[in-house]
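*Asks:* Below, each chain spelled out in residue letters.
Number of protein chains: 2
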Amino acid sequence: MADISQTRPLTRSSVKEAHELIKPHIHETPIDTSTTLSKLASTPQSPEALKGTIYDGQTPAKPKIRLFFKCENYQKIGAFKARGAFHALARLSDEELEKGVVTHSSGNHAQALALAARTRGVPAYIVMPTISTPSKIAATKSYGASVIFSGSTSQEREAVVAEVIERTGAVLVPPYDHPDIILGQGTMGLELQAQVEDLLGKKPELGVRHGRERRHEGLDAVITPCGGGGMLSGVATALSGTGIRVFGAEPSFEGADDARKGLAANPPRRVTTVKSLTIADGLRTPVGKIPWKVISNKDKVRGVFAVSEEMIKDAMRLVLERMKVFVEPSAVVGLATVLYNEEFRRLVEREAGEEGWNIGVVLSGGNTTVEAIAKIFAAPTESAERAGGVLGMQGERVAENVAG
Amino acid sequence: MADISQTRPLTRSSVKEAHELIKPHIHETPIDTSTTLSKLASTPQSPEALKGTIYDGQTPAKPKIRLFFKCENYQKIGAFKARGAFHALARLSDEELEKGVVTHSSGNHAQALALAARTRGVPAYIVMPTISTPSKIAATKSYGASVIFSGSTSQEREAVVAEVIERTGAVLVPPYDHPDIILGQGTMGLELQAQVEDLLGKKPELGVRHGRERRHEGLDAVITPCGGGGMLSGVATALSGTGIRVFGAEPSFEGADDARKGLAANPPRRVTTVKSLTIADGLRTPVGKIPWKVISNKDKVRGVFAVSEEMIKDAMRLVLERMKVFVEPSAVVGLATVLYNEEFRRLVEREAGEEGWNIGVVLSGGNTTVEAIAKIFAAPTESAERAGGVLGMQGERVAENVAG
Chain R
1 MADISQTRPL TRSSVKEAHE LIKPHIHETP IDTSTTLSKL ASTPQSPEAL KGTIYDGQTP
61 AKPKIRLFFK CENYQKIGAF KARGAFHALA RLSDEELEKG VVTHSSGNHA QALALAARTR
121 GVPAYIVMPT ISTPSKIAAT KSYGASVIFS GSTSQEREAV VAEVIERTGA VLVPPYDHPD
181 IILGQGTMGL ELQAQVEDLL GKKPELGVRH GRERRHEGLD AVITPCGGGG MLSGVATALS
241 GTGIRVFGAE PSFEGADDAR KGLAANPPRR VTTVKSLTIA DGLRTPVGKI PWKVISNKDK
301 VRGVFAVSEE MIKDAMRLVL ERMKVFVEPS AVVGLATVLY NEEFRRLVER EAGEEGWNIG
361 VVLSGGNTTV EAIAKIFAAP TESAERAGGV LGMQGERVAE NVAG
Chain W
1 MADISQTRPL TRSSVKEAHE LIKPHIHETP IDTSTTLSKL ASTPQSPEAL KGTIYDGQTP
61 AKPKIRLFFK CENYQKIGAF KARGAFHALA RLSDEELEKG VVTHSSGNHA QALALAARTR
121 GVPAYIVMPT ISTPSKIAAT KSYGASVIFS GSTSQEREAV VAEVIERTGA VLVPPYDHPD
181 IILGQGTMGL ELQAQVEDLL GKKPELGVRH GRERRHEGLD AVITPCGGGG MLSGVATALS
241 GTGIRVFGAE PSFEGADDAR KGLAANPPRR VTTVKSLTIA DGLRTPVGKI PWKVISNKDK
301 VRGVFAVSEE MIKDAMRLVL ERMKVFVEPS AVVGLATVLY NEEFRRLVER EAGEEGWNIG
361 VVLSGGNTTV EAIAKIFAAP TESAERAGGV LGMQGERVAE NVAG
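Order-wise, the sequence lines are chains R and W. UniProt numbering puts the first residue of the first sequence at 1, with every later residue one more than the last. UniProt numbering puts the first residue of the second sequence at 1, with every later residue one more than the last.
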């Protein structure tokens, strides 16, 4: 079968091995902090923001949160997917690889696989729907990949992939539903943990001092976006046993919160179909089978939370305008959860208490266009106006009761 | 007279003194590099891009350029203006300052002065036109400044400023036409020089090796945007005597290229009025009297170049989509010059030869909004489509003959 091998166990030490293999090929992406956003996260939402939710009329949560952003938008190809692709290929011999690799993707995985294949000097065949945007087709071709068009349904795409394998003998490298991809994505978790420890060690003022004792010398929690679940399950695998809690975040629009729903079912079961046009276009996929095993393990992933399109837009505006960091909508669902999901905020208030938590937030990628941003923000929304009005453009001081 | 003192000479050592004074208050902003943009800068423009210019029909220049971006968008308040404001205030005693400071500005200088005043614990009075955007008013207020409204003409603004001085005894801190402001802005030049030397020392592969000898261990040139001229004259002062050539860049739209035109006049003379609505809204001002003395000195500023609105848009797209760095339009006129101004590119080809130049490009600020970006990029322009099509979205490989 022309598929990559499936032998590594999903453990922290496998992620460490993966990290050694891919280090020469990927960036150790930087950690950003933002006083403004940490203050905003530590400010209760306005009572109005809770209207129409089950928290309506209750006192808004007041968690204490210090944010550490893992900027995977600065990763090679502009998104974390480079990690998984390089790792999957690193696990294959030159012989296994000589006929090339194939996948179906119109997004970041396509570019990641194309780059990894070029680095190994083997052909990459990328099956993309005919309706893909010209910029994504051009980007994938720019890494030297052969783009092969298909229809838009998963059946049509898979038929074309099968045909390519038949014709070329290429090895299939799936975007998320494979241990080597999961282990590769998990490497960001190792970096994030070490970088924040380093940062807090060097700059103790960023940590919390409790009386005369310094308590927080590292992360208390990490939150990542969840689409197919490769990143979330990888980071959870990487941080397993460290005491750092791992959370996932999804868009709620049109049922893209399949992981959250699957976990809430009794008994929990994987949702296998998603048809959502959420603006977080990297997260329109259901969680894959192998990621689901990790995500549904309470010891590995503490919970998955969902946010609305407006919350994603508001969080994206903050990252662009305040942090001056260019991100795609999918990248900010973790931050949107921290800022606007009252259930998550209550959990932090309850568990972190007065001391608060250091939360690592993964900004997963930056592959969007100015036209896409124009489309998202062309008509100012009421909440955007409100946030802009209350906060100003650059203010470090944050008014109380900023709405979500 | 309620104005800040004017005693420091405009020399490199004065800039070094300014740097020592403001270091505790400002960020040493990072240097970014981009293989993609350096390759693009080293690729000749398409013959079509030269149509209608005096270079029409000639062979496009092929300069060799390695780019080093000074990211002042990550400076406090989101722009370089914090440097000048902190320096101007550092030069005043608590006694001189006790009645506060005043300026007229609707832009970055307003926020910079408000922050510097708050840090010193004195009031800031900011005179803004009634028609200023609500987000800018809110941003200035968020730093604790008192915003006072005026009409839009310079006479109306100055009348209100005079009235505030009369009433409060506040000290006037102008946005650019003052030695202490110029010296403050110049501090970025010192950092840029040292950071690039450090970077090239640590990573020799970024420098050029010529035979067995390493030639380039630092910058050959720096280019900054030029509006009122505080930054350009400050950087030129800072780098005076170092051998690093300093250039300025302006928008050509509706005569915003007043410095270029003034220098081209015979004899050179300062243009005192500009009425331009260029998208580079920080650069709609004529060069001030004191900056002009530096800018018109050929030993300090080698030349000033102008770029079209389309070139600014194309450069901004590249910085956002490729570098993932959020900038305002004014910030990219230097990069636009390097990529698309054929006169500048010929100069580099001629002077730098085979070895090429290491060029420091100042990205001066990032204070814009998603709505402003939506307005600029809502309708894709032909050149944008062309650039996107040729380059793809993330490609590190750059096709030849990319259009400007």
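Please keep in mind that the hints were generated in silico from the structure rather than gathered at the bench. Each hint should be verified, as a subset may be incorrect.
Said to hold, decoys possible - Straight-line alpha carbon distances no greater than 25 Å define the calculated BS3-like cross-link-like pairs of lysine-lysine that follow:
#1 K275/R x K375/R
#2 K39/W x K51/W
#3 K293/W x K16/W
#4 K16/W x K375/W
#5 K141/W x K39/R
#6 K375/R x K375/W
#7 K39/W x K141/R
#8 K289/W x K275/W
#9 K62/W x K16/W
*Asks:* Look at each hint and say if it fits the structure.
*Replies:* Okay, the hints, checked on the actual structure:
Our distance criterion of 25 Å between C-alpha atoms is met by K275/R and K375/R, whose separation comes to about 21 Å. As the CA atoms of K39/W and K51/W are separated by approximately 23 Å, the hinted pair is consistent with the 25 Å bound. Between K293/W and K16/W, the direct Cα distance comes to roughly 20 Å. Compliance with the 25 Å bound is thereby established for this hinted pair. At most 25 Å may separate the alpha-carbon atoms for a hinted pair to count; K16/W and K375/W exceed this at roughly 41 Å.
Straight-line distance between C-alpha atoms of K141/W and K39/R comes to about 18 Å, which keeps the hinted pair within the 25 Å bound. Simply put, K375/R and K375/W have alpha-carbon atoms about 10 Å apart, close enough for the 25 Å limit, and the pair holds. With a C-alpha separation of about 18 Å, the suggested pair K39/W and K141/R falls inside the 25 Å cut-off, and the hint holds. With a C-alpha separation of about 18 Å, the suggested pair K289/W and K275/W falls inside the 25 Å cut-off, and the hint holds.
With a C-alpha separation of about 36 Å, the suggested pairing of K62/W with K16/W is violated against the 25 Å cut-off.
When held up to the earlier numbered hints, the structure conflicts with 4, 9 and fits the remainder.
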